[in-house]
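Novice: Work the whole structure out from these sequences, hints included.
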Amino acid sequence: MSRFKKKGKKGVGSINTASLPDIVFMLLFFFMTTTVMKEVDLKVAMHLPDATEAKKLEKKDLVSFIYIGKPLSQFQKLYGTEPKIQLNDQFKEVRDIQDFIAQERDAMNEADQAKMSVSLKIDENTKMGVVNDVKQALRRAQALKINYSSVKVDKMK
Amino acid sequence: MAKRELQPINTGSMADIAFLLLIFFLVTTTMDVDTGLMRRLPPIPDKDQEESDDKIKERNVFVVNINKFNDLLVENESLHLLSLRDRAKEFIANPEDRDDLPEKDWKEIPYFGRVYVPKNPIISLKNDRGTSYGIYLRVQNELLAAKNELRDELAVQTFSKKYNDLEEDERDAIKKYYTAVLSEAEPKNIGGGK
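If you're matching them up, the sequences are chains A and B in order.
Our numbering numbers the first residue of the first sequence as 1 and each following residue consecutively.
Our numbering numbers the first residue of the second sequence as 1 and each following residue consecutively.
No lab work stands behind these hints: they were computed from the structure.
Check each hint, because a few of them may be wrong.
Going by beta-carbon spacing under 8 Å, a handful of chain B positions derived as facing chain A [claimed, not checked]:
1. Ala15
2. Phe25
3. Leu37
4. Met38
5. Arg40
6. Phe69
7. Val74
8. Tyr133
Quick caveat, the model's predicted, so the values are computed rather than measured.
Glycine is no exception: its CB is placed at the ideal position from the N, C-alpha and C atoms.
Specialist: Here it is, written out as structure tokens:
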């Protein structure tokens, strides 16, 4: 009988939290490595079109982005409301694309240059005239692998 | 003064600091992956090889036009966007061997043996400068979907697996089965407007 009594008296020991920092650090490192800081500030408003056949964009460091859309409201005084092209952090014209591609290509090492692709992030209300001009410029710049950025959906509305 | 023993550093707050950092990264992380339609632009054609595409027979080409009001004209009749996928599938596969759809020919393909498949159907997409990009991409998506659906159906039929789960060589075989190419016409500025 006495044996049982002894057992009952023992309180529940507090949980050992010594390994808590380790767990938290593990999570921390996970998020630190997966975080991609936004590189550019968008200056154009974009609503990307939907697509069912969209595929994931692999190897982001080999991808250059071209943004096309209406300038955000704070830029409209200067640039108007017609769709504009944004390369890196600036509004640019179609004729600047070739230089931009050359620049991006130079920044890569030689082995990767062939795998370079360009992602076009274009607002769905943009007229094809601008898009055609951009595509022609890309062809002239020999950047033939392109990606029409779109939102992956399972079914079209 | 008595010599004091060196006290171990209190690590009790380490978890708090780590949590703080963790929460910072949690908040700043954007997990969104970029998705999109992969396409290849044709290289700029040489001047001396321009007129070669006139020889392609009309039945082998599936012409999709989009005008500036975002209406579709497919093979000279207007068509709703929703029926485009089925029309495109019919064109790519030509299951009934109709003579207004692409020519078929016997072809040796690994895994399939000798099969009677369309020779080289071409889907030609033309658009106006006034077409909206949203519609243009919808059409591209439908055409791609038609091709992908056919490939998927064939993959399930022969390998009982989806196209994306196939091995490299099986995939190549299916690619040879349906060879349809999506080509875009050289842009022409007819109206002269923006």
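Novice: Determine for every hint whether it applies to the structure shown.
Specialist: Hints, verified against the model:
{"no.": "1", "hint": "Ala15", "result": "holds (5 Å)"}
{"no.": "2", "hint": "Phe25", "result": "holds (4 Å)"}
{"no.": "3", "hint": "Leu37", "result": "holds (4 Å)"}
{"no.": "4", "hint": "Met38", "result": "holds (5 Å)"}
{"no.": "5", "hint": "Arg40", "result": "holds (6 Å)"}
{"no.": "6", "hint": "Phe69", "result": "violated (12 Å)"}
{"no.": "7", "hint": "Val74", "result": "violated (17 Å)"}
{"no.": "8", "hint": "Tyr133", "result": "holds (4 Å)"}
Of the numbered hints listed earlier, those contradicted by the structure are 6, 7.
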